[in-house]
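The whole structure should be built from the sequences, with the hints applied where relevant.
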Amino acid sequence: MQTASPSAESLAEELLGRKFEDLGAEEQRVLERVASGEIEDCDADEVAAVHMTFGQRLADRVAAVGGSWGFIILFSLVLFAWMFVNSPLAHGLVPEWDEYPYVFLNLMLSTLAALQAPVIMMSQNRQSQKDRLTAHHDYEVNLRTQLEIVRLHRKMDKLFNKLGQLEGKVGETTEAVREQVAA
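Here the sequence shown stands for residues 1 to 183, where the numbers follow the numbering used here.
Just so you know, the hints here were simulated from the structure itself, not pulled from any lab data.
All residues carry an ideal CB built from backbone N, CA and C; glycine is no exception.
Where hints are given, some of them may not hold.
Pairs of lysine-lysine residues, derived as DSS-like cross-links and limited to a Cα-Cα distance of at most 27 Å, are as follows [claimed, not checked]:
| # | residue 1 | residue 2 |
| --- | --- | --- |
| 1 | Lys19 | Lys169 |
| 2 | Lys155 | Lys169 |
| 3 | Lys169 | Lys158 |
| 4 | Lys19 | Lys155 |
Simulated restraints, written as ranges between beta carbons of each label pair [unchecked claim]:
| # | residue 1 | residue 2 | range |
| --- | --- | --- | --- |
| 5 | Glu46 | Phe104 | 41 to 49 Å |
| 6 | Ile73 | Gly24 | 48 to 56 Å |
| 7 | Val150 | Ile73 | 49 to 57 Å |
So this is what it looks like as structure tokens:
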């Protein structure tokens with residue numbers, strides 16, 4: 001079990017109405033940061049980039065290229081050129097190497113799909129890890145913000161109470177001065 005500084009324990013009781021030990025690890029960590037005044041600056045993309053392997057970077061790059069309009073247009077042009085060269089329309093103009101059912105083209109497309117699908121899945125898994133890291137960071141920031149807002153409201157309430165007390169004392173003093181002047 002984690003031990004907390006007295007200020008984090010008092011913040012837990014004051015702001016959340018629970019004991020520090022009863023809080024989850026994330027809540028404890030946020031309260032510790034609030035108590036210490038520590039500011040966390042975390043960029044999910046930077047954190048993910050630091051821990052990326054060559055294969056992961058390659059998977060992200062392949063997925064980025066494979067999902068681009070440039071790839072789609074180039075791939076379509078290659079397919080249409082392949083079909084034209086191997087169609088009866090080009091008979092005699094260029095040598096045919098893959099006649100109409102395009103068996104070799106089907107083999108190449110199947111191979112491309114078999115290789116590209118796992119690479120895209122790896123890239124999507126990496127993106128979901130980044131999204132989880134971002135969500136975790138957003139949760140901590142939101143919790144910290146809520147705690148700070150509660151603290152500010154309580155400080156404002158104390159200030160308004162003191163202001164009310166001061167107004168009462170000023171009113172009493174003014175009344176006492178009026179009575180002395182009138183006498």
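### Query
Failing hints, ascending?
Violated hint: only 1; rest satisfied.
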